[in-house]
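Colleague: Residues per chain are reported as follows:
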Amino acid sequence: MSKRYFSNLPAGSRRRPQSEERANEQANVMTKSPSPTSLSIVLTGSGGAGVMTAGQTLLDAATSCGFYGLMTRSTGPQIRGGEAAAMIRLSSKPVQSPGDRFDILLALDFENVQRFAAELPLDSASLIIADPAAGEMPGFLKDSGAAIGLVPMAKLAKGVAGGRISMIALGILARLIGLPEAAIIAAVAASIGRKKPEALAASEKAVLVGAEAAPDVAVPKLAPPSAPRQGRWSITGNEATGFGALKGGVKFVGGYPITPATEILEWMAHALPQCGGVLMQAEDELASINMIIGASYGGAPSLTATAGPGLSLMIESLGLAVASEIPLVVVDVMRSGPSTGIATKSEQSDLNIAVYGLHGDAPHVVTAPLSVADCLLTAQWSVHLAESLQTPVIMLSDQSLGQARVVIDRPDDVVFPTKRLVLEGPVEGYERYVPTESGVSPMAVPGFPGGQYTADGLTHNARGTPSSQAKDHVGQLDKRQRKLDAFDFGEHWAEIDGEGELAVLTWGSSSEPLREAVAEARAGGIKVKLIALRLIAPTQPARLTAALEGVKRVLVVEQSHAGQFWRYLRAHYDLPDDVVPIHCPGPLPIRPGEAFAHIQKGARA
Amino acid sequence: MTNAPQPVEPPKFNSVAEFFAQALAIEVEAAERYTLLADQMEVHNNKEIAAIFRKMASIEGEHRDEIARRAGNALVAGRSATFSWTGPDGPEATDFDQLHYLMTPRQALRLARFNEERAVKYFEAVAEAATDPAIAAFAGEMAEDERNHVVWVDEWLAKFASDDPNWDHDPDPPVHSE
Amino acid sequence: MNMIPSAEKAFKPADYKSSVKPVWCPGCGDHSVLLAFQRAMAELALPPEQVAVVSGIGCSSRIPAYTNCYGFHGVHGRALALASGLKVARPDLTVVVASGDGDGFSIGGNHFLHACRRNIDLTYVVMDNRIYGMTKGQPSPTTEPDWDTAIAPGGTGLSPFHPLVIALASGANFIARGFSGDIGGCAKLIVEAVRTPGFSFVQILSPCVTFREDQQKGWKSLVHAAIVPETDDPARAARRLMTDDGFNVGVLYRGKRQPYQPKPLADFAPSHLETEFAI
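Protein chains in written order, with my numbering: chain A, 1 to 605; chain B, 1 to 178; chain C, 1 to 279.
It is possible that part of the hints are untrue.
Simulated pairs of lysine to aspartate or glutamate, DMTMM-like, Cα-Cα distance not exceeding 25 Å [said to hold, decoys possible]:
id, chain 1, residue 1, chain 2, residue 2
1, C, K12, B, D168
2, B, K159, B, D172
3, C, K136, B, E32
4, C, K220, B, E32
5, A, K93, C, E274
6, A, K419, C, D15
7, C, K9, B, D132
8, C, K21, A, E316
9, C, K21, B, D132
10, C, K217, B, D164
11, C, K21, B, E42
12, A, K419, C, D92
13, C, K217, B, D89
14, C, K12, A, D478
15, C, K9, C, E144
16, C, K263, A, D284
17, C, K263, C, D92
18, C, K21, B, D168
19, C, K220, B, D168
20, C, K21, A, E263
21, C, K220, B, D89
22, C, K12, B, D39
23, A, K195, A, E136
24, C, K136, A, E263
25, C, K21, B, D164
26, C, K136, B, D89
27, C, K12, B, E62
28, B, K55, C, E274
29, C, K217, B, D132
30, A, K155, A, E119
31, A, K93, C, D15
Incomplete in silico selection of chain A near chain C, CB under 10 Å [to be verified]:
id, residue
32, G319
33, I353
34, C584
Hints in this document: simulated from the structure, not taken from any laboratory. Every residue gets a Cβ at the ideal spot worked out from N, C-alpha and C, and that includes glycine.
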């Protein structure tokens, strides 16, 4: 088998190596993404070997060569020195979903790597690079049938003064996939160069040593990337959420750290003060939600970010925000539940609490971003909805979006005509909660003379005075329901794509793997429609009915053990008789291949 | 419920205008206080006592107007003293803690009488301590007014029989609302 | 009463009262606290629309609707958090937080610690009647250990909190105690509390006439002006407060901590941040 280099390829050419075809026959799963090729690489190691940094460097290097990619990570529970896996998918077109399998696994060592076994699908077309000094290869790796290349990485690293095993590994990978070593070195320089010039020199040497030591095996190569329409970004879902919130006009964040949402708070802590806002760390989530209620009452668009356990704590005060009609956004970066669950793994099982969790009849808005990049638009839109409707919006992101890094084309700017309806005119007879036709009533901002009112969780009349009268209770319930019913949520409520008698109906982070699967299905001649909901609540029955026109069979796909989304649809929407619920919980990601298999099955009579 | 009237420290006035401003402030406060008490009793459905306090508020209001008339030009810009709000209450203001939602007319009127007696003592003390004869004279008139009020309250009191020993018995238990 | 007519004040106490009639029992100390608040605001000459009163749940927490200021009657125990967010977002407002001993020290305990620690410029008035009044009479964290209730027959047996000591230990910059029987005195404390930057804690002993009359009608003879003047030395304050009989009134501690008020650094448009992601 011979080496191949990207730089030698004429534009647009593709060669499918032998190994890929074998894998196709054996596994009968998707081996290539809708983009002509993608390549999935995983680096594993432990004890501070630098797997995460190396993974990031690989992505950065590939990015600098014009490629797109996605990176996710898995770790053991240790704070430091634990076992780690960095999963990188490289592609010549933007990808936002993990692939179906790994082409290369490079193990710096084997410590506790079986923890990741279920997340590392390998087959006979894969290549495992390992260090003979690492000891016995774990069974799941041996049993995969993958080709094995042994390189004495630890020894090679010791041979370079200050050399690190992770740099050796990067050299090997660069050579295998045809990335110029210079790109790796430039990426390392960008992250540490100025701070540690000796470390940079050592890394440079180690990369070159590794490259020379790369085994001589054929590895699928990526088609050259197409020229981007505009600039590109490297961004995580949590960063995109923060940036979207900022663009939406958020000026105050009160938050409490929780995995996997903390990065949102940390990003906003440095970004928000540059844009006229402030962030305050709260003592707990009970404080976070109340701080943002207070700040929003004071006129500042406000947001917090949390995960399932934190959202549970916030539930009571979310009801307060509904009842007192205070705009705010709570981002829930969902993780596997229930209770403490698996903090570092994704799931879509907070739908129920987000929609139904509040006591009383407390209608509010629930949104869900459809991809890492979509976190920006959805966060910005969520702020717009909160401010326009004077109500809480719960945005259901999740760990698979929040902590994944993608390289994408710069998204188009979107502008929402966001304007909170505030009291500006005559104050004579001002009633904060007057039941208007739209359901939205002007909000007096503290400081405005004559607009004084007391916001209250107690049931109140139009003036805001507590009332136990039936007509006031019903009147205010009607008002708060009406303001959601009467609002035009516009085209962003869902992404709808394609035509066919078969439809795939999904939401949130399940959308991207479904998108890839759908594209593959269509490439194979299957007509299938994709409907991905970005707006979970309030429901949009007329719109979904229109979207399902002509559809005879619906596959409902989600990452929840109990099928929360499916049951929600059944409760609130008209669906065709033929509904196939496809739901499984985390912690494993939904892969395009599995989804494709469901679609194939669904397409058969 | 009520204690013996405590003496109120007589203040020093530099002018008749100051005296009238203070006297006016006392009546303004008294009237406002009786209104608040009446509101409390009304909210607690003790209409009889609410009416008594409203009447007292009206009496004090009339006294306030009378003082304003008597003061005439002596009152600085027609205003009561804008004194510091952080000092003690005036002699005619009822302590909030003297109320009970089931209080009887006799108890309410005894509170009023107590206020009037304190006012008498106050103005007597001002009259005694005044070096300005005009102030002494006006203070003396005020004291006389308040004595008349005491008599008037006594007449009103006399209309009521003595209180039932179980005046504060309420068969309903307390209810909570939140 | 101060006998010398002072400079014309822009506002009268009545300007701070709404038309809503309080539902507190006649005889409740909270009526006095409301009037003290009004007087304090008049003394400070703050326009009513520039003041926000934030409360939790309980009898004392009903106070915002009785004022003519902006108000927020939030959920049980979280008033300090809500007020913190409001003040940080709107430092131009004067934010007064009102609570009771249950709302403030039990469910609100954690937020109390952190509000003292943060030292945001707030004034926190706790109307302490050593009982959960609204729910008909359960012991609160400041209730005596032997006070018999249905929920804790024979008494809880638990020593009550020292909220002033906790406030001092947690970093509150101003600590005072008042008694509702002295309206002018409470007004004075509230004025001082508002004027002192940072977290100002005022515990106002405010008897519950319905559930604790027998025990608390004697409070007026027990309260006394603090024998020693206020101190700015936390160690001295700690000794005094630890040996305090619970009835010393006045300003007991006034420190020098700077208030916490995060400020924006700049006012760029969000697109300014895009360079972080651009490749």
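Colleague: All hints, please: hold or fail.
Modeller: Going through the hints against the structure:
1. C:K12 to B:D168: violated (36 Å)
2. B:K159 to B:D172: Violated, because 29 Å separates the two Cα atoms, which is more than 25 Å.
3. C:K136 to B:E32: Answer violated: C:K136 to B:E32 is near 31 Å, above 25 Å.
4. C:K220 to B:E32: Holds. C:K220 to B:E32 sits at ~24 Å (cutoff 25 Å).
5. A:K93 to C:E274: holds (22 Å)
6. A:K419 to C:D15: Given that 25 Å is the threshold and the Cα spacing comes to 32 Å, the pair is violated.
7. C:K9 to B:D132: violated (28 Å)
8. C:K21 to A:E316: violated (28 Å)
9. C:K21 to B:D132: Distance ~43 Å between C:K21 and B:D132 Cα, so the pair is violated.
10. C:K217 to B:D164: Status holds; Cα separation ~22 Å.
11. C:K21 to B:E42: Judged against 25 Å, a Cα distance of about 9 Å means the pair holds.
12. A:K419 to C:D92: It holds: about 22 Å lies between the C-alpha atoms, which stays within 25 Å.
13. C:K217 to B:D89: Answer holds: C:K217 to B:D89 is near 19 Å, not above 25 Å.
14. C:K12 to A:D478: violated (40 Å)
15. C:K9 to C:E144: violated (43 Å)
16. C:K263 to A:D284: holds (22 Å)
17. C:K263 to C:D92: holds (12 Å)
18. C:K21 to B:D168: holds (23 Å)
19. C:K220 to B:D168: Answer holds: C:K220 to B:D168 is near 22 Å, not above 25 Å.
20. C:K21 to A:E263: violated (48 Å)
21. C:K220 to B:D89: Measuring from Cα to Cα gives roughly 15 Å; hence the hint holds.
22. C:K12 to B:D39: Holds, at roughly 20 Å.
23. A:K195 to A:E136: violated (38 Å)
24. C:K136 to A:E263: violated (45 Å)
25. C:K21 to B:D164: violated (29 Å)
26. C:K136 to B:D89: violated (31 Å)
27. C:K12 to B:E62: holds (21 Å)
28. B:K55 to C:E274: Violated - the C-alpha atoms of C:E274 and B:K55 are around 71 Å apart, more than 25 Å.
29. C:K217 to B:D132: Violated, because 42 Å separates the two Cα atoms, which is more than 25 Å.
30. A:K155 to A:E119: Not satisfied, since the Cα-Cα distance of roughly 29 Å exceeds 25 Å.
31. A:K93 to C:D15: The hint is violated at about 67 Å.
32. G319: holds (8 Å)
33. I353: violated (18 Å)
34. C584: violated (33 Å)
Hint violations for this structure: numbers 1, 2, 3, 6, 7, 8, 9, 14, 15, 20, 23, 24, 25, 26, 28, 29, 30, 31, 33 and 34, all remaining hints satisfied.
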